[in-house]
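Line order of the protein sequences matches chains A and B. For the working numbering, count along the first sequence from 1 and bump the result up by 3. For the working numbering, count along the second sequence from 1 and bump the result up by 72.
No false leads were mixed into what you were given.
Here are some chain B residues the structure puts well away from chain A; computed CB gaps all over 10 Å:
id, residue
1, Ser85
2, Arg87
3, Arg133
4, Phe137
5, Lys145
6, Trp160
7, Arg161
8, Pro165
What follows is a list of derived Cβ distance ranges for each label pair:
id, chain 1, residue 1, chain 2, residue 2, range
9, A, Glu283, B, Arg141, 41 to 47 Å
10, B, Asn138, A, Val215, 18 to 24 Å
11, B, Ala157, A, Val215, 16 to 22 Å
12, A, Glu283, B, Leu128, 57 to 63 Å
13, A, Gln202, B, Glu125, 50 to 56 Å
Once the Cα atoms are required to be at most 30 Å apart in a straight line, the calculated DSSO-like pairs of lysine-lysine come out as:
id, chain 1, residue 1, chain 2, residue 2
14, B, Lys154, A, Lys213
15, B, Lys154, A, Lys218
16, A, Lys24, A, Lys157
17, A, Lys37, B, Lys239
Just so you know, the hints here were simulated from the structure itself, not pulled from any lab data. Note that CB positions come from ideal geometry on N, CA and C, so glycine has one too.
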Amino acid sequence: MNCQEVQPMVSALHDGETVTKEAAEHIGGCPTCKERLREYAELGAELRLLASAAPEVVPTPLRLLPAPGGRWARRITARVLVPRFALGLGIVAIVGLSVGLGLMRAQGSGLWFQFDVTDPAAHGSAGGLLQAGGHAAGHFRSADSHEEIVYRMKALEIQSDFVRLEVTARAFVPETPGEGAHQGAMAAGAPPFSPNTNQILANVPAREIKYVPGKSLEIPLDGGGKILLTGQVFRRPPSLGMWALPLTPKPDEIVLSMPALVRGSEFLGTDRDSARAEGENPAIGICLPSRVAFVFALNPFEGAVQGEAEFGQAHFKMDGQDYTLFSATPISGGDQPREIWVYRAANCPPSFRPADKTASTIWSGGVSWVLGHLRN
Amino acid sequence: MVPSLDDPKSWNSLRGGDPEAFERFYRMHAARLLSFLRRYLGDSTAAEDIAQEAFLQLWQRPNGFNPARGTLKAYLFGIAAKRAADWWRHHPPESPSAPERPVHQGDPPVLVANALEQVDPDTRSLLWLREVEGYSYQELAAMLEIPLGTVKWRLFTGREQLRRIWKGEGTMEDI
Chain A
4 MNCQEVQPMV SALHDGETVT KEAAEHIGGC PTCKERLREY AELGAELRLL ASAAPEVVPT
64 PLRLLPAPGG RWARRITARV LVPRFALGLG IVAIVGLSVG LGLMRAQGSG LWFQFDVTDP
124 AAHGSAGGLL QAGGHAAGHF RSADSHEEIV YRMKALEIQS DFVRLEVTAR AFVPETPGEG
184 AHQGAMAAGA PPFSPNTNQI LANVPAREIK YVPGKSLEIP LDGGGKILLT GQVFRRPPSL
244 GMWALPLTPK PDEIVLSMPA LVRGSEFLGT DRDSARAEGE NPAIGICLPS RVAFVFALNP
304 FEGAVQGEAE FGQAHFKMDG QDYTLFSATP ISGGDQPREI WVYRAANCPP SFRPADKTAS
364 TIWSGGVSWV LGHLRN
Chain B
73 MVPSLDDPKS WNSLRGGDPE AFERFYRMHA ARLLSFLRRY LGDSTAAEDI AQEAFLQLWQ
133 RPNGFNPARG TLKAYLFGIA AKRAADWWRH HPPESPSAPE RPVHQGDPPV LVANALEQVD
193 PDTRSLLWLR EVEGYSYQEL AAMLEIPLGT VKWRLFTGRE QLRRIWKGEG TMEDI
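Sequences and hints are given; from them, build the entire structure.
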């Protein structure tokens, strides 16, 4: 993957979405993409500052409504829009559903069909971008958390007012959660689906459907249930490669991507790098510009307080004050929210103090190793 | 603390025509809605009119809200965004698909407020709802009635458009 192909995923990562393993690997090792991620965070923070700094907006009272006690005539005081800890909020991770957008380059230069399939309860979804003749395949969690929906789709014909598709889909219970079919989309002419997807859908008959862009269409699933298809047709082909495969940390893995720490509404600092660790008690240390260090781990250890991590945020309390840790990607895997353990040291390890007094340092490993550096 | 109307008890009060419940809701969200609409439309009078219309629609037809699809506040913003999009259809910008002033590589960086004015209104709206109001992809898809993938794609192209203007790096075509 190159930077251009990865760009949309940098945007999605900024929004707290999961990205493909390949994209994550590229972004993690690419200074240009990391800089883009930082610029998006900065831009987001600037927009929020713009909202906060705008003259106080005092809407006039509602007209035409009943006015009990004349209260509608009272001037309404605008609320402060957001706390002003600029960059910290810029990398808030809101990880919702693992929305994979399988993007496919097909041959030819016709219309493009961008689609999403969801279960009606919207517990999961997957999507893609197809040209006529192209295939896409994917999976997502259904309303029943034990089930996954696996689908594959072929675009037979794409017109501006209708799309003809061949859809094969079913719900199934994977033997090990997360080890179902892998979402992806491939170029026409290439083997279109992983053996796993083909295996799962081996005996499922394909349905040919006609879809009107902009509408919602229910597609019955083999063996019961249904999925909902929505989509739009575009004339301009995107200049991208492919993206798919939602990536989440493992339950015994801790990851902090461009972390930021906030105490109450006070922004304590951020780090532009990322760190990860896995194993028995993985931990990440961060040395803030104030020279205070924090260690985050997934299991209890001496001197640590318990907090709660949920996707890209963690909350904990120290000395009666509320702290929030933000990460641009989920902090750990497994059921959410989950426990996280936090330790604060009054001084950063000398070897990790950056020369730039506004900068921070991040390091990771087993908790003993991470704590060991605090004692050096 | 003002109780949220997104809790079922308060929502039932509003649906039952309780003006005090509605006043609370108005007090909580009117300023932010107006701030969003002013930025989206660039016309204070139109913004105020549409904010009023959105609240009135909610008051007069509260059953249009489906709690399974998101919060009441998101529903309110969705009503307003759709009305604002209609307003733009009747008041098209002079050059709907291009910035007011062409931006070229090497242009000096501009303030984000100025950069925001140079992107098309729908992009401005989507970026504001995501970055300032913090709506998730799923909420944005439900509010604006577009597919999730479209939300993701438009956020990327819009964010990149805004970034390039902001940094003076030229338009997307310069890639």
